[in-house]
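Participant: Generate coordinates for the entire structure from the input sequences, incorporating the hints supplied.
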Amino acid sequence: MKRQLKGLAAHAQPDPAFVRHLALRINARIGQGAGWTQSWKWAVASVTAISLIGGATGVYAYTSDDVLPGHSLYAVRQGIEHIEEVATLNPAKKIAVQVKQLKRRLHENELLTIRKQDKSILQTQVDAFVKGVQTVLDDTSKLPESKQAEVDADVAKITANHAGVLLEGQKRADSELEKSHIQEILKDEQARIRKKIESLKDSRQQHFRISKPEELLNKSDR
Amino acid sequence: MERKHFPAFYQDNVKRVYSFLYFRVGGNKALAEDLTQDVFLKALNAFESYDPSISTSSWIFTIARNHLINQLQKTRPSVDLDEIENTIWDAEDWTDKLALNYDQKRLWSAIQQLPDEDATLVRLKHLEGWSYDDIAEKVGKNAGALRVQSYRALKALRKILKQK
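Those protein sequences? They're chains A and B, same order as listed.
If you're matching positions, the first sequence starts at 454 in the working numbering and goes up one per residue.
If you're matching positions, the second sequence starts at 277 in the working numbering and goes up one per residue.
It is worth saying that the hints were derived from the structure and are not from the lab.
Glycine is no exception: its CB is placed at the ideal position from the N, C-alpha and C atoms.
Among the hints, a few may not be true.
[Stated by the list, open to error] DEER-style ranges, computed between Cβ atoms:
no., chain 1, residue 1, chain 2, residue 2, range
1, A, R557, B, E324, 38 to 48 angstroms
2, A, K546, B, W384, 29 to 39 angstroms
3, A, R647, B, L317, 47 to 57 angstroms
4, A, D592, B, W384, 21 to 31 angstroms
5, A, K546, B, R423, 37 to 47 angstroms
6, A, L542, B, K280, 15 to 25 angstroms
7, B, D327, A, D580, 22 to 32 angstroms
8, A, Q587, B, Q388, 56 to 66 angstroms
9, A, G617, B, Q388, 52 to 62 angstroms
10, B, A421, A, D592, 39 to 49 angstroms
11, A, A549, B, A419, 40 to 50 angstroms
12, A, V539, B, Y326, 25 to 35 angstroms
13, B, R434, A, N543, 35 to 45 angstroms
14, B, R382, A, N543, 37 to 47 angstroms
[What the hints assert, rightly or not] Straight-line distance between alpha carbons at most 30 angstroms, and here's what the computed DSBU-like set of lysine-lysine pairs gives:
no., chain 1, residue 1, chain 2, residue 2
15, A, K455, B, K435
16, A, K624, A, K553
17, A, K455, B, K280
18, A, K455, B, K414
19, B, K291, A, K455
20, A, K455, B, K305
21, B, K305, A, K546
22, B, K431, A, K455
23, B, K350, A, K459
24, A, K459, B, K438
25, A, K546, B, K291
26, B, K414, A, K459
27, A, K632, A, K610
28, B, K417, A, K455
29, A, K553, B, K291
30, B, K291, A, K459
31, A, K459, B, K305
32, A, K556, B, K431
33, B, K381, A, K459
34, A, K610, A, K547
35, A, K584, A, K547
36, B, K291, A, K547
37, B, K291, B, K280
38, A, K553, B, K381
39, A, K546, B, K280
40, B, K305, A, K547
Facilitator: What follows is the structure, given as structure tokens:
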């Protein structure tokens, strides 16, 4: 009976994200860390700033496909993502947040490619993506081996998809110059990711299969 | 109390306040969140006047109740909280909104069939998460007596469910 009542009561439980967000607002008003370190103050201030701008603006910046690098609200999205990562203390959950953000970079780069944005932005985005991959792979080494395999499989899929996005961008290029520029970005990305994977222990390297750029490029030409 | 103690107070009470508001706004999560936020920010402003030796959680629930009435009176000027409480608990349509499963709906309906005092006790204790001490403060009864009453109420609930 008590279990059944608990099940019913579960409908009236607040979302943990809401509880955390309100805690941050309260702490910002009090102007203290409430047991957190001094380095959190700026994070709390940022969240407050975002809330003051208008919670709706923060949500828009965080979720809208129109907010891409170069957009005036992109810095807001980056701020929210940084706080999201810093606020997650559990190592496994932190990595899950990092992987989620990696998928975001993939999605953003896909949109940039389709919308054919300024290619200098694409390079910056690819750099951010590669850095994200390197960070996730480094942090994952702290997890138990079974978890490492899971994360590595996810990252392998994301990096393969990202290479696909760049190949697609190459296909849609308006000129030979643009095409060769994207080719260079792809080669550089794959080389950097391969270097990172080769620095991992053998058992983890098995989780990945990074194609050589020539293989990818040959595939795309068919 | 000093404001530096508020975060701990918040963590101790946020779920119950949210639950209290949630059941009184027809299961509207977004509205319950907005109201919960307003209540705690108001409470923070008044926290220096809070004395836990005089009132434990009734202080925050008074703020919550008054805030809820103020909000609801914006659209229904003649509303009072007793009316809201009775309406919410009896309304069948919002159990559909919550997407309760069959067993949960049966349980909900069974709670409504208990005598008023028992139903209130079950709701406050088992659905909204109040402690016996807090309920005792609210209804003016002894916590020990409430434990016994709760035991009997759950027994009656089992009987109702067996009959259905």
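Participant: Give a verdict on every hint.
Facilitator: For each hint, the structure was consulted:
1. R557/A <-> E324/B: 38 to 48 angstroms: Given about 43 angstroms between the Cβ atoms, the range holds.
2. K546/A <-> W384/B: 29 to 39 angstroms: Between K546/A and W384/B, where Cβ atoms are some 34 angstroms apart, the hint holds.
3. R647/A <-> L317/B: 47 to 57 angstroms: holds, 52 angstroms
4. D592/A <-> W384/B: 21 to 31 angstroms: violated, 45 angstroms
5. K546/A <-> R423/B: 37 to 47 angstroms: holds, 38 angstroms
6. L542/A <-> K280/B: 15 to 25 angstroms: holds, 22 angstroms
7. D327/B <-> D580/A: 22 to 32 angstroms: violated, 57 angstroms
8. Q587/A <-> Q388/B: 56 to 66 angstroms: holds, 59 angstroms
9. G617/A <-> Q388/B: 52 to 62 angstroms: holds, 57 angstroms
10. A421/B <-> D592/A: 39 to 49 angstroms: The hinted range 39 to 49 angstroms is violated for A421/B and D592/A, with Cβ atoms some 55 angstroms apart.
11. A549/A <-> A419/B: 40 to 50 angstroms: Given range 40 to 50 angstroms: holds, Cβ gap about 43 angstroms.
12. V539/A <-> Y326/B: 25 to 35 angstroms: For V539/A and Y326/B the Cβ distance comes to about 32 angstroms; the hint holds.
13. R434/B <-> N543/A: 35 to 45 angstroms: holds, 40 angstroms
14. R382/B <-> N543/A: 37 to 47 angstroms: For R382/B and N543/A the Cβ distance comes to about 38 angstroms; the hint holds.
15. K455/A <-> K435/B: At roughly 14 angstroms apart (the allowed maximum being 30 angstroms), K435/B and K455/A satisfy the hint.
16. K624/A <-> K553/A: holds, 27 angstroms
17. K455/A <-> K280/B: With a Cα-Cα distance of about 36 angstroms, the restraint between K455/A and K280/B is violated, given a limit of 30 angstroms.
18. K455/A <-> K414/B: At roughly 22 angstroms apart (the allowed maximum being 30 angstroms), K414/B and K455/A satisfy the hint.
19. K291/B <-> K455/A: This hinted pair holds, its Cα atoms lying about 18 angstroms apart.
20. K455/A <-> K305/B: Holds, at roughly 24 angstroms.
21. K305/B <-> K546/A: Cα-Cα ~25 angstroms, so holds.
22. K431/B <-> K455/A: holds, 11 angstroms
23. K350/B <-> K459/A: violated, 33 angstroms
24. K459/A <-> K438/B: holds, 19 angstroms
25. K546/A <-> K291/B: holds, 23 angstroms
26. K414/B <-> K459/A: holds, 22 angstroms
27. K632/A <-> K610/A: holds, 24 angstroms
28. K417/B <-> K455/A: holds, 23 angstroms
29. K553/A <-> K291/B: The given pair, whose Cα atoms are some 28 angstroms apart, holds under the 30 angstroms limit.
30. K291/B <-> K459/A: OK: K291/B and K459/A at ~14 angstroms, within 30 angstroms.
31. K459/A <-> K305/B: Given pair K459/A, K305/B holds - Cα atoms ~18 angstroms apart, limit 30 angstroms.
32. K556/A <-> K431/B: violated, 52 angstroms
33. K381/B <-> K459/A: holds, 13 angstroms
34. K610/A <-> K547/A: Roughly 19 angstroms between the alpha carbons, so the hint for K610/A and K547/A holds.
35. K584/A <-> K547/A: Roughly 16 angstroms separates the two Cα atoms, so the pair holds.
36. K291/B <-> K547/A: holds, 25 angstroms
37. K291/B <-> K280/B: holds, 20 angstroms
38. K553/A <-> K381/B: violated, 37 angstroms
39. K546/A <-> K280/B: holds, 29 angstroms
40. K305/B <-> K547/A: holds, 27 angstroms
Checked against the numbered hints above, the structure violates hints 4, 7, 10, 17, 23, 32 and 38; every other hint is satisfied.
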